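Please put together the full structure from these sequences, using the hints given.
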Amino acid sequence: MNNVLQMVWLIPVVPLLGFLIVGLGRNYMPKIMTGVFASGTILLAFLISLYVFFNVKSGNTHVAHYFDFINVAALKIGFDFQVDQLTSVFLLIITGVGFLIHVYSTAYMQEEEQKDFNRYFAYLNLFVFSMLLLVLGGNYVIMFIGWEGVGLCSYLLIGYWFKNTSYNNAAKKAFVMNRIGDLGFLLAVFWLIAKVGSVDFHTVFETVPTLFASGKITIVDITGITLLLFVGAMGKSAQIPLYTWLPDAMAGPTPVSALIHAATMVTAGIYMIARSNILYTMAPVSQAVVAIVGLTTAILAATIALKQNDIKKVLAYSTVSQLGYMFLALGVGAYTGAVFHVMTHAFFKALLFLGAGSVIHAMSGEQDIRNMGGLKKYMSITHITFLLACLAIAGMPPFSGFFSKDEILAAAYARSPLLWVVGVGGAVMTAFYMFRLYAMTFLGKFRGTTEQEHHLHESPALITIPLIVLAILAVIGGWIGIPEIFMHGGHRLEAFLAPVFAQSNALTEKHHLSHTTEYMLMGISVGAALVALIFAWSKFNKYQKTTGEETGLGKILANKWYVDELYDTLIVKPVMAISKYFNDIFEKKGIDGFVNGVGKAVNYSSRQIRLLQSGQVGAYVLMMVLGILIFFIIQLFL
Amino acid sequence: MEIKWYIGLALALFCTGIVGVLTRRNSIIIFMCIELMLNAVNLLLVAFSKMHAASALGQTMPNVVSDAQIFVFFIMVVAAAEVSVGLAIIVMLYRNTHSVDVNFLNRLKN
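Protein sequence lines correspond, in order, to chains A and B.
For what it's worth, our numbering labels the leading residue of the first sequence as 1, then goes sequentially.
For what it's worth, our numbering labels the leading residue of the second sequence as 1, then goes sequentially.
Just to be clear, a hint being listed does not mean it is correct.
Claimed, not checked - Reference excerpt, derived from the structure (chain B facing chain A, CB under 8 Å, subset only):
hint	residue
1	Val-21
2	Leu-22
3	Val-100
4	Val-102
5	Asn-103
6	Leu-105
7	Asn-106
Keep in mind the hints are simulated off the structure, nothing from the lab.
Everything numeric in this text was worked out from a predicted model, so none of it was measured.
Each residue gets a CB set at the ideal place from its N, CA and C atoms; glycine is no exception.
Laid out in C-alpha cells, this is it:
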C-alpha cells in the first residue's frame, strides 16, 4: 500500500458496479437516474484515470498483485494489474471517449422503453469494464478475460434489438469471427507457458531476450507466438481475413458503433501488439506479416468504402481501413505511431459516428446517403463537427489525423518506399470517400421525402455537447505528437511512451529521413489527399439520384469484393452441409435410432412376455414345476 | 426294511401328486394331490428320522430321534389349517361358478 497506484483496481470496479446496479435494477430505475448513474460511473473512472495519468507522467509505474488467479505447480498466474505509460493512455481514451458516448446515448436512446434503456446502459458499462480489464491486466491471462469480455459485450450490443433476425445474425457473426481469433490468442498463450513458463508481461519481456540469446527458445517459437497473437488481433481488430464482422456490427445502435470503433474493442488488437512490442521486434517475419496484412486491409477496405451508400457502412469500412494503418505502423516498428493513431482515430471516429447518429436521428432512422443532402442548413453543429472530423481523418494539417497518419507513412517509407506508395494510395481514397460522404449528406439539395424534411431538426444539447468536445479533441488531439521537423521536442507522446518501447527501440536502428525527404513525403500525401478531397467535393456536391445499376468495377466494390459471398461458399455452406449430414444421418438415424430402439425393444418384448400370463392355473403350475426341476438339475449336475 | 423302499414309496406318492396337479381340472382333486405331495414329504421325514435314530442313540444327541417326528406334527397342523382355507376357497368358487373346474378361474386374468 506504499504506492498510490495500488488503487487502480477502482477504475474497472466502478463501471462494474454500474453494470451490476443498472443491470439488476433494470425494471425499477427511471431512465433519468440510469443515465446519470451509468455516465457517472464512467466519469468517475475517467477522473481516476486522469489522476493515474499524472502519477504515471511523473515517472511512477506499478505492477499490482491482488490475489493468485491460477496456481498449479510451477505455473503461477496472479490477478495482476500493470499500470504504465501505455496503459494510462488507453485508460484515458477508453474512459474519456466512453464517457462522451454514454452522455450522448442518454439522449439518443431516449425513445426506448425503460427496461431496454436500462439494459442498454448495463451492457455499455460492462463493455467499458471489460475493456479496462483488458488494458489493465498485468499478464496475458487477465488480458484474455477482458478480451473475451469485450467480445461478449459486442455480441450483446450488436444484437441489442434482438427481435430482428438479421441483427441477431450480425451479432452472431461478430461473436464467431472473434472466437476464431481468440483461438489464436489462446494457442499463443499456451505456447508462451510451455516455452517461458510465465505469462506475466514483465517476466516474459525480460526473459525472452535472454532465453533467446542462450538458445532456449528459437526464432521459430517467437515467430509462432507472435503470429498466433496476431491471429487474435485480426479477429478483434477486424483485419483480413476476419474483418467482415465489423461492417455488419452496424446493426447495433449508433453510439454502440462509436464505442466499438473508437474507444473499445477494435483497439484491443493494437494494444496487445504494442504491449508485446519486444516479441514482434525480435520476429521480423511476423512484423512483415503484420505490415502486409495491415496495408492490404487498409487498401481493400478503402476501395469498398468508395461505393457504399449506407452512412454507417462507409464509416465502418473506414474504421477497418484506419485499423489497417495502425497495423502497418506496428509492422514497421512504429509503435508510438500506432498508439498515436489509435488516439486520434478514437477522437475523430467517435465524432463521425456520433455525428452520423445525430443525422440518422434527425432523418428518423434513414441511413441511405442517397436520400439525404442539404442537411447543412438544418443541423449546423452536427455539420461543422462532422466536417472537422472528415478533415481530420483525411489527414489535412493541422487536424489530428494528419500528424498520426504522417508519422505512420514516414515510418513505412523508412522501411520500404513501396509500403509508402500503397499507403498514400489508401490515404487518397480515404479523403475521397469521406468527402463523398460529407458532400452527399450535408451539401446539395434535400433528396428525402417531404415528411422527413419537416421532421429535420438539430439534435438536443446532450447530443451536440459530446460532438463539440470531440470536435475540439479531433482538431487539437494531434498536437501532442508534432514531428521533430516542425518543432524540436514536439513529439511529447513519443517521449511519454518511450519507456514502454525502450526494449524495441534499443534493438532497431533509428531510421533518419532527411528533412527534405520528410517534407516531400508530407507534401505529396497531403497534396494528393487534397486533390481527392476537392474532386469528391465537386463531384458529389450536386449529386442527383440515379436509378442506374452500378456496373463493372463499381458493382464489385459496391458488393464489397464479394468477400461475404466467398466466405459463404467456402466456409459457411460446407459447414452447413456437414451439419445437415450429421443432423439427418448421425443424429436422427444413429443417436435417435438407438434411443428409440431401446424403448421399442422393451415394448415389444413385454408384449410377448405378457402372453405367458394366461390365467390357466395348470399352466402356472407346470411352469412352477419346470422351474423347480431346472433348479434341481442345476443343483445336482452342474 | 431298507430305507430305499420308503424313498421309493414317497417318490411314487409325490409323482402321483404332481401328475394329478398338472393334469386334472377338478379343483378338489388338485387339492387332494397337493395333500398327497405333502404326505410324501412327511413320510420321508419320518423314515429318515428313524434311520438316523439307530446310529444316534449311543451319542449325546438324543433329540435327533424325535426332531423330525415333531416336525411332521407341525406340518400336519399347518396342512390342516391350509385345508380349511383351501376348501373355503373351493366352496366360494362353486358358489360363484357352479363348478369346481379351475379353468373357470382364468376370468381373474384381466
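The hints, checked one at a time:
The beta carbon of Val-21(B) comes within 6 Å of a beta carbon in chain A, closer than 8 Å, and the hint placing it at the interface holds. For Leu-22(B), the shortest C-beta to C-beta distance to chain A is roughly 6 Å, which falls under 8 Å, so the interface hint holds. Interface restraint check: Val-100(B) against chain A, minimum CB-CB distance 12 Å, threshold 8 Å, status violated. Hint status for Val-102(B): holds, given a least beta-carbon distance of 4 Å to chain A, under 8 Å.
Of the supplied interface hints, the one on Asn-103(B) holds, with its beta-carbon coming within about 7 Å of a beta-carbon of chain A, less than 8 Å. A least Cβ separation of about 6 Å between Leu-105(B) and chain A falls short of the 8 Å threshold, and the interface hint therefore holds. The restraint placing Asn-106(B) at the interface with chain A holds, with a minimum CB-CB distance near 3 Å, inside the 8 Å limit.
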